[in-house]
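**Q** Spelled out, the chains give:
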Amino acid sequence: MDRRLLRLGPVRRYAVVLAGSALLAAVLVVAQAVSLATLLAAAVAGRLDRPQTAGWLAVCLAAVVLRGLHAGALGSIAGRAAAGVKAHLREELLDAAARRGPAWLTGRRAGELATLAGRGVDGLDGYLTGYLPQVFLAAFVPLATLAWLAFTDLTSAVVVALTLPLIPVFGVLVGKVTGARTARQWHLLSRLGGHFLDTVRGLPTLRAFGREPAYVRRVRETAEAYRAATMRTLRLAFLSALVLELVATVSVALVAVPVGLRLLHGGLTLSAALVVLLLAPEAYLPLRALGTKFHASQEGLAASAEIHAVLLDRPSATTEPRLPPSGAAIALDRVEVRYGDVVALRDATLRIESGDRIALVGPSGGGKSTLLSLILGFTAPTAGRVLVGGADLAGLDLAAWRARLAWMPQRPHLFAGTVADNIRLGAPDAPLDAVVDAAVAAEADGFVRALPRGYDTDLGAHGLSSGQRQRLAMARAWLRADASVLLFDEPTARLDPASEAAVVASAARLAAGRTALLVAHRPALLSIATRTVTVDGGLAELRPAVAAQ
Amino acid sequence: MTSGVVAGSLTRGALLRPGALMRLVFAGLLAVLTEAAGVGLVGTATWMIVRAAEQPPLAALAVAIAAVRAFALLKGGIRYAERLASHDVVLRVLADLRARAFAALAARRDPAWQSSSPGASHADALSRVVSDVDAVQDLLLRAVLPAAVAGVVGVAAVAGVGAADIRAGALLAAGLFVAGVALPLLGNALARTGPASAAAIARTRGEVAESTVDLVHGAAELTAFGAMPAALAEASARGRRLARLEARAAAVTGLVTGFAAVVPAATAVGIAALVHGPAAPVLALVALTVGEVVTPLAAAAARQSEVGGAVQRVRALVGDRTGDRDDMAEGPRRRALREPVDVRLRGVTVRYPHGVRAALEGVDLDLPAGRRVAVVGSSGAGKSTLLDAIAGRVPVAGGRVDGVPAGAERWQVAGGVFADAHVFHATVRDNLTLGRDGFGDRELRRALESAGLPEYGDRLDELVGEDGGRLSGGQRQRLLLARALVDAPPVLLLDEPTEGLDPAAADAVLATALRAAGERTVVVVTHRRADLARFDEVVTVEGGRLAGPVAG
Chain A
1 MDRRLLRLGP VRRYAVVLAG SALLAAVLVV AQAVSLATLL AAAVAGRLDR
51 PQTAGWLAVC LAAVVLRGLH AGALGSIAGR AAAGVKAHLR EELLDAAARR
101 GPAWLTGRRA GELATLAGRG VDGLDGYLTG YLPQVFLAAF VPLATLAWLA
151 FTDLTSAVVV ALTLPLIPVF GVLVGKVTGA RTARQWHLLS RLGGHFLDTV
201 RGLPTLRAFG REPAYVRRVR ETAEAYRAAT MRTLRLAFLS ALVLELVATV
251 SVALVAVPVG LRLLHGGLTL SAALVVLLLA PEAYLPLRAL GTKFHASQEG
301 LAASAEIHAV LLDRPSATTE PRLPPSGAAI ALDRVEVRYG DVVALRDATL
351 RIESGDRIAL VGPSGGGKST LLSLILGFTA PTAGRVLVGG ADLAGLDLAA
401 WRARLAWMPQ RPHLFAGTVA DNIRLGAPDA PLDAVVDAAV AAEADGFVRA
451 LPRGYDTDLG AHGLSSGQRQ RLAMARAWLR ADASVLLFDE PTARLDPASE
501 AAVVASAARL AAGRTALLVA HRPALLSIAT RTVTVDGGLA ELRPAVAAQ
Chain B
550 MTSGVVAGSL TRGALLRPGA LMRLVFAGLL AVLTEAAGVG LVGTATWMIV
600 RAAEQPPLAA LAVAIAAVRA FALLKGGIRY AERLASHDVV LRVLADLRAR
650 AFAALAARRD PAWQSSSPGA SHADALSRVV SDVDAVQDLL LRAVLPAAVA
700 GVVGVAAVAG VGAADIRAGA LLAAGLFVAG VALPLLGNAL ARTGPASAAA
750 IARTRGEVAE STVDLVHGAA ELTAFGAMPA ALAEASARGR RLARLEARAA
800 AVTGLVTGFA AVVPAATAVG IAALVHGPAA PVLALVALTV GEVVTPLAAA
850 AARQSEVGGA VQRVRALVGD RTGDRDDMAE GPRRRALREP VDVRLRGVTV
900 RYPHGVRAAL EGVDLDLPAG RRVAVVGSSG AGKSTLLDAI AGRVPVAGGR
950 VDGVPAGAER WQVAGGVFAD AHVFHATVRD NLTLGRDGFG DRELRRALES
1000 AGLPEYGDRL DELVGEDGGR LSGGQRQRLL LARALVDAPP VLLLDEPTEG
1050 LDPAAADAVL ATALRAAGER TVVVVTHRRA DLARFDEVVT VEGGRLAGPV
1100 AG
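Here the protein sequences line up with chains A and B, keeping their order.
Numbering (the numbering used here) for the first sequence: 1 to 549.
Numbering (the numbering used here) for the second sequence: 550 to 1101.
Okay, chain B solo, but in the shape it has when bound (with noise of 0.2 Å):
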């Protein structure tokens, strides 16, 4: 069955942990039960009718009555035990999932994962993770349990019924298989392929939104250049593209369905016609209620069509090695280093995978203790990447960068500000702080001072929202900037700390950063002309290559 081939796929590469396995095993057997007694609950009313046609005295009937009474509380009881069993333990694989796959993706050292390369789509790869790992829980719920649970509820049905009357047995054997397995095969193989295959319409649904973001963002420039009819135009044959690709689908589930839905019923006509005397209402009636959990594969089948490739990439993230990843070793809470340290690059290459050229070429930079640089430069010039090569943030293709004492990590050496700084949708304090141990209200507060936000030393447990949305663009510029400088290694990084500011606080801003820097060694990335004479050295930065030091 293809429920036992993903079912076998989920366990080998080490998907579901032993223990999770159990709560598996233990929410179908309750699932089971639940179907069990729903099929004796229409077998022993069968039964009970069809007996109290022949007129026996009451007592033969008493124990049916109880039993079908018992079965109709039990059902809807072990249901409600069930479903809560269920999500539970899906939510756990969930958990787990989750934290392997974070800590496999956080010891991940290739370059395509570690930092924002422009033009890969690092942000999509990430993203498409938790999608993925969404999906084989959303594959748990929806088609590997409820297909192991048909599966044994058909195979104990078909014995039960075979052991009454071995044709009705074999008939229902045939119904149960027609909808449990080559439905399923059907409505899966048909989703897969063709021109209306799930991974056509999500394509599709690509190009929609990608029509719609262009749309929405362009919104100025077409209709500054009277383009937006055009535009309108293409977004609606897209869309209506989507729709005639969807409606196609529908259609292939809608078969699949119809044909799963004739099944139970086709069974218990063939029973009834089939078998004759008391017997056959109530094979009949349990061929119907037994089919009834087995129709819901097919479409089920046919909407877990894509879920093959999310299954493999999450296997392959978190299966390549067994061990309790995520209890992996945090090592001493280790701070930046306190000391001062002379960094220095020399001949320093960066190459991006997809890059056209390099994005740094042989940069050559002295940062002796407690020097302060401006880096200008065009954006894409490579200013952004000169800080992640410092930081360590991307592999250095050619050249070495000297000066990290032995034993410290580089973050603890350089750090700050960087171009993909995340905004956490967590407390002021969690985005400060970023987990580290023993840092008190008292310093985070002169870290919010320093960067120009005091209105938030008290209010340290608000939520800042969804990437800092519920935060003007120059107060999460602020809050970055507050980060950095509340462990400031010796060398502090800031990519344009000011952007978003406007001209006065962004001089403020920069003079209280550069202030509270001390004596430490800092790079600033800035476009503006005004800040350059805080400096001692201002470096251009041209094509990847530095164009030589201006005078500050």
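Just chain A, same shape as in the assembly (with noise of 0.2 Å):
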């Protein structure tokens, strides 16, 4: 069982509704196997046609039917609520994700969060669908049965008392046993099981060294290696399986035969013997499915641990950001950013006034991109402060603030849609006039008008290059009309000469009558500044150059 996922609102309504059902279901065993008991023993004794036996058929059919409502209802309810969960918690971790900011989700850690919300949610289903419904039969059915069992046999059922907790024993036992040798396999196995995968994904590098034939005879031994280990895990997994089922069959047996033996000397009514008969297998069969049901759900188990993990230490919303100050001077009072151990920014010191257009050069790792996103509210400084209008950011309402910025990444990132909506990113009610505008200044209409749907053309089936998708990033900036500071990280870093000319000229004239955070190596876009300053590499030392002002 997982606790902090039956915390979950959702979950513990559902866990209420199943508590419900299974004890419907109990009755339901109940009632069906003692009516159907009394209903064959009238058949034997040809007395089917007393009046009698018509009120136990009518409760027998009315059990049936209900039984197969209920496992209709149950299977129906059971994936409502699960869809419903799985919902919640992809919206909670991406709430989670978007609260901790793209600081965060830098790296792989993005590639991980998108997994775990992907197939990491999706593999609750079996523990929500299956073994949640599971637990609450397993806790009520094998009672009702028995309580029964106990009025209409006390013998038999203590026969069934005394073997049932064997299962679950016996399962955790076995379980014990094994667990560990599967857990050491685990690792094995998910390599070799991905190996055809990996295999598949390198084929055209395989192909350009020549080596695709090689690796066939690869494939098939690995995949044999495969089978070989997964079923060295089977024979010992399939044991705890073998082992509950033993309990199980043996112990009807163990059940059955004294019950005969018994009505062999008139100890017992041979509807009494029925009614065990038919009652003593549902004893055992929640009990037993609650094992095979366990390992279905461990997967969804791990996942749920990793998204908890996210979901717990989310940092809550501060006390009520205040609105920034109008000025739009931005200074840092001896900032410090670290990344652990790494420090990328030491005692900076910096003041922006409004109107300066401020080149930032330096080594790569040196510290610019890290500059630029402490404006953006991205990182927060580990000591020092950033003012904006004389106010500590970190007080401020940072939407609010943002809404002052235009940022334009190294590699910006292409949303699915259209290309209007891409343009769109900073202002979603733009009318297509105005994103065309912005479009025809960043000098990227051009080439969208001739790409196969113009605006329309959907960026998630169509590559663009890098040139193309700064000269979008540049209209973002373009739309965002109202943006008093402009921070631009190395538009042109990887372009051509034709490209690099065309957003140099773009963002010269963005840039007029704006304050401006240039990072930039090359010297097309340093004629832009006002100011140079360097961002010195680990040492972070800011240094106001003397440059055209």
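Derived from the structure by calculation, the hints contain no laboratory data.
Here the structure is a predicted model, which is why all the values come from computation and not from measurement.
Even glycine gets a Cβ: it sits at the ideal position worked out from N, Cα and C.
Any given hint might turn out to be false.
Stated by the list, open to error - Pair ranges (Cβ atoms, derived):
1) B:S1021 with A:P321: 35 to 45 Å
2) B:P944 with A:A228: 36 to 46 Å
3) A:D421 with B:G984: 38 to 48 Å
4) B:A609 with A:L154: 25 to 35 Å
These two chains come separately, so use the hints to put the complex back together.
**A** Given below as structure tokens:
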């Protein structure tokens, strides 16, 4: 059981429904067995035409139909609940990720989070629709069955009551013995199992080295090794199913044979004997099924632990953030940024007056992007302050502050959707005219019109070159007409001369009359700047350079 | 029966080899025996009780009592053997299909499968092959085998029950038909059609995944431009839509499951009402037990509704030639050529299937032996395609590439690090040799040193993680470079070999790589202007054309 999962609102409501449904199931199991046994006893005696029997027939049919309805409704409810819980968890995950911000979501973590929100959350199906309902059935049905057995034939009830606990006991024991070995094999299994996908993905590489014929045999050998390793694991894993099934079937035999012997001596009625025969297996069934479904739920529970790790230490909203003051002057006051042991910026102090256009130069990894990240509010300083119009950015409404910024990253992300929607990123309600104007200003209109469907071209299906991506990012900045501060992070680093010239020309026009921070390597972009600041490596020394002012 | 149709289609297209089919039949027989033991347990136990109620001498029950105990033990034991046998055969089929699918992919020559083409979802197509093969495995284990077993057990039970009482037999046959044929067909049809079809769910799931990926990878842009709340709302709306569809599909499955659950018990009740005398309980309980073998088929059929497409795709892939494709001749273990080669491109044009314009157009390039050429230009301009054309990794739509000696394959002449280079989830050694024999530790260490990765010289048997996940970006790049240097062809092609390295390291790696290349021709795609001085010639690719050499 996963307590954190059970504490979720939708899961708790679902669990209450499941408890009620299991109680109903227990009653129906007993009702069906007892009525069917009575009917069969009547059939043996040839007393089917009595009115009493007709009553039992009605009870039996009702129980059968209700069990069908119950099974159908339970499947439907379980599916609906699981779908709702998964949607809820996905929302929570994405929300938590958004709260932590882009600095947290860098590198491999983004991919891991996407996998967790996709496959990871889907893995909970086995737990929610299989294991959880079975937990309640396993709790109620054996108890109800035992109670009725005790009422019908105490001896049989004692045998069942004594053997029933063997199922969980053996289940846990066998699980303990095999679990360690299975866990040890898990990595091997997942690597061998993933080998085919890995090899297929690497096919272009193999072809480049003329190696693809040799890998045909390798694929077969690895798949064979996977089979052998899996079978080793299964021989153990199925052992637990074997033990549980043996406990159940042997127990039924243990119940049935003495019942037959007591019938022989007239110590029991046929009707009671048939009730015992029909009810006894029903006592073992839910517990055995629980064992099977437990295995299917493990993947989901592992994902659940990861999900909660992301959800739990999500930063809480800070106390009522203030709107940033209207002045656009930005200042860094002895700022230090550390990533673990690495110091990205140290003792950085800088004043940026409204209308300043500052070129940031220095070696890669020197902290230039970190500086922009600080001003964007993606990264919080580990020491010192970032001041906006004299107020500490840490206490301000970041969304309101960012509304004044236009940012152009080194490698812009293009979203699945149309070209127009991508340009509209910062101004979702902008009319198409404005989008086209921005594209014209960013020198993007030409290539956009050459795309198969112009501004309606779906970028999910159509790749663009770096130069084209940068110009779309520039158009995004242009469409944010009321932005007063521009932050450009090496927008021309990967561009050919023609694209570079287009982006620089556009940037120069956009920067006129605005505050700008330009991370640049190349002289072309530097020409826009009024000051040059060197951001120097691990030293993080900031030195205003003497430049054309 | 549906299972028959599916099983037929599995064997017809040579998806299963005769040996596998025999093993499958064996596993099926074990499963039939398991169910027979279950039916025997219930049948003999009931008979024993009904007979005991007539108070015969104890000896009359002795055989039945022994049988009850024997069946109880047999059922569990055979079940264990059956589960092992069925998983074993399905994993064998999987191994066979994987090898044959890979052989078929490797033998394919159509461009869509050959190299990465911008915009085309080449990687997706490859990944789909993998999931299709897995779907066939799942189909065998969860649908075909259970359905075949249910069919045999059902027919035998109808015959047995019918022999005892013809009306009971007819009732059982009707019940089994509803639960084992009609309801699976209904479940399958419902899952295929309607607004909550499996296809619609898969589509919506794709949209949800798209939102998620955009949201996490584009988080910086969304946050900076204040678009995060809207993106979260959109992702949430898509997630809710998926939840609604999944709930509807669950209701459909629930419907057929519910009906299927009624059938065995209703059959038993019907037999109790129809049959008089001591046979009634035995027949009713046998019917109940056999019915429970059949009931899971309805839900399974609903779940496997989309698998038909996968089976057809796998058959199309592996079934067009029936020979032992996996033993595809590897030929002599060939290495890259040793002697210098002059390569010359004349009017080379390359088109991708869905490209608006040619990726390369009328490219002329002379690569005399020993020449060192840097290729610059923006991404998407055709630099990587130029390397692919030299290496023969893309079909040339116009023009020609001269200089490949007769009898040599193109990879023996030109190769190296390409844009789509893959790091395998294997050891450093495997990633360097790619299974090529005859490279000792010394050669591998030398290649690692040349590529600037000497620290892995003593860690050749270390795993590098999925797609080199345990390496840093720079180490991954150097590993690719080392792989290219292990058996470098006379024309060494390097697509951004120093991408992801810091400038000082990039300089060092390029210098050592060029030194290791010796007298070979080297063509390097680079963005770093600092590199250009090391080359004899710098060519700029612009919109698929060579924009003329720039002085180095």
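**Q** Are the hints correct? Go through all of them and say.
**A** Tested hints:
Hint check: S1021 (chain B) to P321 (chain A), Cβ distance near 37 Å, so the stated range 35 to 45 Å holds. With their beta carbons about 41 Å apart, P944 (chain B) and A228 (chain A) fall inside the hinted range of 36 to 46 Å. Against the hinted window of 38 to 48 Å, the Cβ-Cβ separation of D421 (chain A) and G984 (chain B) comes to about 47 Å, which satisfies the hint. Taking 25 to 35 Å as the suggested C-beta distance range, the pair A609 (chain B) and L154 (chain A) conforms, at roughly 27 Å.
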